[in-house]
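A.B. asks: The lines below spell out each chain.
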Amino acid sequence: MQNFEQFDTNDDSVVTASPRRATDDPVRFDGSITERENDIEGNWEEIVGELMDYDLGEALDIGDTGDAVIDRDDAVEALVEADDEHIDATTQWEATAILEYLGHENIVELENDTVTILRSFDDIAETEYTAMYNNWAAMFDTCIDRIEVAEERVEEARQRFENRREETTSSADVNPQQRKRELKQEIAQLVDGRSPEELDDGERQRVQNLRKQFYFYQSIDEIRDIDVPNVADRVQELAQVMERFSVMRDVMAERRDQFRQLAMGEAVYPESLIELADQYNEFLSSMSDTFSPADKMQDEDLGDFIEDIDAGMTDENVEAFEESAEAVSNEVDDEGLNVQ
Amino acid sequence: MRHSEGDTPSSWIPDDEQCLDGTTDRTESVYGRDVAGELATVRESVERVRAARRPTEDVAAWEIADEMIDATTAAAESVAAVGRLPRLEHTPDRAVDRSVRAVLDTVYEGDEPTATRLPVSVDDAVDAGRLVDDDPLTVPLTRERPANWYVLLPWSADRLRAVTQSCERLADRFDAVGAPSLAATYRDIGRASEEFGALLEWLSTLALWYGPPDELVDADYETVESFARRVVDAVSET
Numbered sequence: 001m002q003n004f005e006q007f008d009t010n011d012d013s014v015v016t017a018s019p020r021r022a023t024d025d026p027v028r029f030d031g032s033i034t035e036r037e038n039d040i041e042g043n044w045e046e047i048v049g050e051l052m053d054y055d056l057g058e059a060l061d062i063g064d065t066g067d068a069v070i071d072r073d074d075a076v077e078a079l080v081e082a083d084d085e086h087i088d089a090t091t092q093w094e095a096t097a098i099l100e101y102l103g104h105e106n107i108v109e110l111e112n113d114t115v116t117i118l119r120s121f122d123d124i125a126e127t128e129y130t131a132m133y134n135n136w137a138a139m140f141d142t143c144i145d146r147i148e149v150a151e152e153r154v155e156e157a158r159q160r161f162e163n164r165r166e167e168t169t170s171s172a173d174v175n176p177q178q179r180k181r182e183l184k185q186e187i188a189q190l191v192d193g194r195s196p197e198e199l200d201d202g203e204r205q206r207v208q209n210l211r212k213q214f215y216f217y218q219s220i221d222e223i224r225d226i227d228v229p230n231v232a233d234r235v236q237e238l239a240q241v242m243e244r245f246s247v248m249r250d251v252m253a254e255r256r257d258q259f260r261q262l263a264m265g266e267a268v269y270p271e272s273l274i275e276l277a278d279q280y281n282e283f284l285s286s287m288s289d290t291f292s293p294a295d296k297m298q299d300e301d302l303g304d305f306i307e308d309i310d311a312g313m314t315d316e317n318v319e320a321f322e323e324s325a326e327a328v329s330n331e332v333d334d335e336g337l338n339v340q
Numbered sequence: 001m002r003h004s005e006g007d008t009p010s011s012w013i014p015d016d017e018q019c020l021d022g023t024t025d026r027t028e029s030v031y032g033r034d035v036a037g038e039l040a041t042v043r044e045s046v047e048r049v050r051a052a053r054r055p056t057e058d059v060a061a062w063e064i065a066d067e068m069i070d071a072t073t074a075a076a077e078s079v080a081a082v083g084r085l086p087r088l089e090h091t092p093d094r095a096v097d098r099s100v101r102a103v104l105d106t107v108y109e110g111d112e113p114t115a116t117r118l119p120v121s122v123d124d125a126v127d128a129g130r131l132v133d134d135d136p137l138t139v140p141l142t143r144e145r146p147a148n149w150y151v152l153l154p155w156s157a158d159r160l161r162a163v164t165q166s167c168e169r170l171a172d173r174f175d176a177v178g179a180p181s182l183a184a185t186y187r188d189i190g191r192a193s194e195e196f197g198a199l200l201e202w203l204s205t206l207a208l209w210y211g212p213p214d215e216l217v218d219a220d221y222e223t224v225e226s227f228a229r230r231v232v233d234a235v236s237e238t
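Line by line, the protein sequences are chains B and Z. Position one of the first sequence corresponds to residue 1 (our numbering), numbered consecutively onward. Position one of the second sequence corresponds to residue 1 (our numbering), numbered consecutively onward.
Chain B with its partners taken away, still in its complex shape (with noise of 0.2 Å):
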């Protein structure tokens, strides 16, 4: 695009995108995408997070610095796939545009067949995509927003087996053990202490019968003792599921607030950073099965984690936070909480 024209239409945002080409169509879209709402959360955040989220996220390609990067051309298609009131791009053309100017207002960052959505937390205060914390924060909603989804599946899955473990209970009424004492009675009482010249013919052949049908109880006893997966061991496992995603969901919930008020130049002063220490360091824990290998999480200490937080801060507020966070952290050595 050559150029953005913002203007206001009856209290609209309006952005008019111009073509670099004569022939090509101009683009007009909402202006207020860029514009923050109640001063934290950026209308941009569903439109990044539709890119992060574009073929579950295995376009995105996060770096070990944390800049996260997807194909310029996959933007565009998630741009056009997006079902969301905010994007109202139907064709490529649209799309294209959207971005660049989302480019031109430094929420992405665009380069020739890439668009960096996320850049390394260090490296952001010192730029000018300060919007990037939004974005960051958009990350974390929109795994809190597929963290939601895959929790429904599962307990949908979990109450099945619940459903399932019931059915099986009471329908398994097949009795090999009680079938073979029935038998072995009827057998009793058929030769009632006689020897076998004593039966006729037709007795001594129901017997012999009889003594098959046991023996064929006795195999389908051993089908019984088949191994195959507790159900209710299934019940318990998605159970642990639901908890580890209520975790990561309240500390994502945590960091994604965290990153909003970076946005705004803010100190992070969390309230309750012991309670979120804490919660962190059970995040890990929980995490630790999953994630695999988890040496990172598990080797960062409170120090680190505070350090992620100052990694961001401002300037004129890092002596203030580092006095606030050596208070803490020596809070928490106090109460033996020493994260490790």
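These are calculated hints, taken from the structure and not from any lab test. For every residue, glycine included, the Cβ atom is placed at its ideal position computed from N, Cα and C. Check the hints yourself; a few may be wrong.
[Stated by the list, open to error] Derived, one-sided and incomplete: chain B residues facing chain Z with beta-carbon distance under 10 Å:
(1) I40
(2) M52
(3) L56
(4) G57
(5) A68
(6) F140
(7) A150
(8) R179
(9) D201
(10) G202
(11) E203
(12) K212
(13) I223
[As the list claims (entries may be wrong)] Stretch-level coverage of chain Z by chain B, calculated; a stretch enters the list once three of its residues show a Cβ under 8 Å from a Cβ in chain B:
(14) 184 to 195
(15) 198 to 206
[What the hints assert, rightly or not] Listed below are several chain B residues computed to face chain Z (Cβ distance under 10 Å; list not exhaustive):
(16) M139
(17) N209
(18) Q213
(19) D225
(20) R244
Could you slot chain Z onto chain B? The hints should help.
C.D. replies: Frame of chain B, contents of chain Z only:
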């Protein structure tokens, strides 16, 4: 005859620890035809009794009843030998399932299952290792190919249900001609077939519950957790 005649009455009472042949060994089943072949014997036995004009005179009804319970027991032992039912890793290919069923059907009808004789193509099933073309075709029941179990068990349950119905009708005939012992025996065999079938269905349904589509739930939450992990890692690194 798997047990000796002329036992003392007390030894006629069966022993929980022994098989019908007096041993305690179990031979592991490796082929679906072990089960299908035994069920075919049961089917043929039923047919022989049903074809008789006078079931108490034209056929050896007691002998056939013994054959039926022997064959059913052999089928049960083949299933029991699995010990642990292998879990499905992927949703099975329906066309391949059909090919496996076609082999079982052919064995059940008493024919040799060769690739040229079957009404369906078996190429994909052979390529997938679900059938082995040893001329005749065989259905391997291995841990590496768990899907064959999930064809065999419900397939067997269907055949056993049919045996139950036939045995109940035969029992009515025996009652009608004044042979209550035979009637009771055929009712017992019908009941045994019904309970065997119910158990196989219970087993396959229970085991299937752990396979697809619920495996997808695992894949789903593992994907989400993996995504969350990437995010958390990224935050940790910054």
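A.B. asks: Tell me, which hint numbers fail for this structure?
C.D. replies: 1
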